[in-house]
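With chain A fixed as given, assemble chains B, C and D onto it according to the hints.
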Amino acid sequence: MNWLTGVILALFFGLLIYAESDLPDSRAVTAPARARVVDLYIERSYPDTRTPNIVTSVLADYRGYDTLGETVVILTAGLAVSLILPRNSRRG
Amino acid sequence: MRGRLHNPIVEGVSSFLVPFIQIFALYVITHGHYGPGGGFQGGVILAASMMLLRLTLGEEYEHRTFSPKLAGIVAAVGILIYAFAGLVPLAWGGNFLDYAHLPIPGLSSAELRYHGILIVETGVGMVVWGTLVTLFDHLIGSEP
Amino acid sequence: MNHLPVLIPITLLFSAFFIPLAGFVKRELAFVIALAGVFLSLLFSAAGLFTVITAGEIRYHLGGWPPPVGIEYALDGLSAFMATVVTSVGTLVLVYSRRSILREVPERFVPMYALLMLLLAGLCGIIVTADLFNLFVFLEIASLSAYALMAVGDERGSLASFRYLMLGSIAGSFYVLGVGFLYFSTGSLNMADVAQLLPAVHHSRAVVAAVILIFTGLGLKMALFPLHLWLPDVYTYAPSAVSGLIAPLMTKVAAYAIVRMSLTVFQPHYLHDVLPVTPVIAWLGAAGILYGSIMAIAQSDFRRMLAYSSVSQIGYIGLGIGLANPLGLIGALLHILNHAFMKACLFLVAGSIRFRTGRWKVSSFAGLGRKMPWTMAAFTVAALSMVGIPPAAGFFSKWYLLLGGIDRGNWFFVATILLSSLLTAVYFFRVLEQVYAVHSREPSTPVIPSDPPASMLLPTVILGVGVLVLGLLNSVIVSRILEPVAAALK
Amino acid sequence: MMRFAMNYYDLMTAALLVIGLYGMVGKRNLLKKVIGMNIFQTAIFLFFIQGGTKPGATVPVWDPRIASEAAGYINPLPHVLILTAIVVSVATTGVALALLITIYRRYGSLEEATILERMRKSS
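Here the protein sequences come in this chain order: A, B, C and D. Our numbering applies: residue 417 is where the first sequence begins, and numbers increase by one. Our numbering applies: residue 87 is where the second sequence begins, and numbers increase by one. Our numbering applies: residue 2 is where the third sequence begins, and numbers increase by one. Our numbering applies: residue 640 is where the fourth sequence begins, and numbers increase by one.
Excised from the complex, chain A in its bound form:
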């Protein structure tokens, strides 16, 4: 079994190095990761939502639905654990 895992890991490592060698350098001003959407967030965040913390304004307002999904993920974990490990009724 371990030679197969060895092959999988080697392939995976190769894929990552292969991919990261061509990743646009995010330090460059023209990096696409910034140009497209993020500059909009930074410029419009304070005027739009009056919240200084741009991460919170993106988290709760621009991409608020992601955070709703995230909160549902936490709720799912709570329900899942209460389903898998039933509490003894003594403690309600």
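In case anyone wonders, no lab produced these hints; they're calculated from the structure. The structure presented is a predicted model; accordingly, all values stated were derived computationally and were not measured. Where a beta carbon is used, it is the ideal one built from N, C-alpha and C, also for glycine. Just so you know, not all the hints are guaranteed correct.
To be verified - Restraint ranges, calculated between C-beta atoms of paired labels, are given here:
| # | chain 1 | residue 1 | chain 2 | residue 2 | range |
| --- | --- | --- | --- | --- | --- |
| 1 | C | 362 | B | 97 | 53 to 59 Å |
| 2 | C | 26 | A | 418 | 43 to 49 Å |
| 3 | B | 96 | D | 674 | 25 to 31 Å |
| 4 | B | 109 | D | 698 | 42 to 48 Å |
| 5 | C | 33 | D | 702 | 48 to 54 Å |
Same frame as chain A, now just chains B, C and D:
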């Protein structure tokens, strides 16, 4: 948890500290607008204070103050706050989760969004608080 | 009333949120709210499908923000079709589930229904979203609830579910890593936006890695042939109502995500000529068809046999996607619909047999044909449809796949489809023969098995009839819904 | 020109990802698989966060001196995505530990080999 040894120092310090931890947690939830913080981090700190009490003062005492049933209700109410903050704008002509159409009178759309984010963060804080305490009770709870 | 796209998942989410609260008041309320939620979502999906057919695509900006800045929902022919499939099968299986859950897992009634609703909400969220990262969030909601639901049946279910959790989390992480590479190369998370930005960076290695990671992750969720290892154990040891809901839907929604990726995000020619992704999927699908059928023949446990037959049917869908021509895609999408109904009916039959007799070894099914007439009639229809006998729906999806294979000119695929129909016939007729032809040797079985109560029997029969109705309606379904979707492949 | 002088973070991300994947696939003890899963997910967080850094930029909290000059703040979007990924990681680990507890209570061990062997014996 089993056969907990009553140690007055531990009990004294923890029951003294917990209120300050909880106030700090509320600060973290509401401080999300101005710096690192927000619903998740604050909710976790609140849950941690509950866990501290459960570990030091034993489950019997703690279950009287914050029982697992209450934790479930807090989590459910928290998520409903978030969901209704999303659903209410539908009735006032906005899309889902569009805080600018929240029916709070006398606020510009930017301030409406500011308060919308605050409502949402408190909802998230309650969900994380209730759920993590439930997780703690079930994982650490003794053999059923 | 263009709020339809968001109303489909939201109704399910709201019913999931109210169930724990209602559960504190009265246990039975959980089932009522769940059924209301899924039925309402079915109405919205059907309305959405009708609107999309008549008025075209609905785009919905969540939070009021236009796409590159905010998250966008898109309800087009493909997603409305899938939403209707998921919610209709979900409604029927939920009606079935009450008695079955009360019998198998009675004390955890409330969290069970909350998680069933979250599972359906997760699936509908994946179907309707047009944002890459949002798809990951709802994929995790669906997966987490599936991990828990599958762990509470048999005592061996925990280990099977743990393995599924491991592989599922690898799949989710691969997908989000792929999305990360895409984001850093193109700068946006919206599917349509990324599709426009991709041609400029087609040959960047990061995009190539992103394709590999995303398709591997979704292939793992879809249980495409070499990545299906988690499926048999999990479907065997799950509670029968849960496997009745997850088996027909979960892998199909992952297949939908792969179709969405190949149609909307990466242009089909990119996946066929520049990167050999679709041929690989086709060959894996063909291999899966054969492997699944052969393994199904070797099984003695009825549920494990159905699980391996699922692996082979998913192979059909993979083959259809891999053919990358309009006929193949129509065959794949039609097979998603047909297989959802067929597999739901088969697993509900398995659950009914277990409910009445507690047995699941095929050898012990002797004489059930007379004792459980309606259930076995539904089973026969579904079995014939799986084999591909004309009036039933299964024949038509295989027919389109055959046409797709011929159109592609690959005779090995055509041979695989025909051969596997024979193999499918072998393991289903073996059960049919056991059920009808063999007389039950024991003079009087301890419990006189009869058809399960109406609330379990009705959904099974409706699904059986549905398989026939879908067969008759297939030309309407194909021309009105699937052809416009497949046109994108021209 | 292939940027072969890969920066330090990409190399560390790749290494952690491989270690995590080895933990999940290679290890036989179930708890070590969960630890491997956590390493794998943490590596993804590192990958996203380091992708969002800019030289000389500060924390993305609006301050009048920089105002809305984009080069002044680091990229906030990966941070938002990672908050979600962290929550998903916590939830998955919680459910995994719950499953481990039921397995341990039923089979008395977390070694995959012993569990399978006891499972075969009991069936």
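Inset, instruction - Check each numbered hint from earlier against the structure, then list the numbers of those it violates in ascending order. - result: Structure breaks hints 2, 4.
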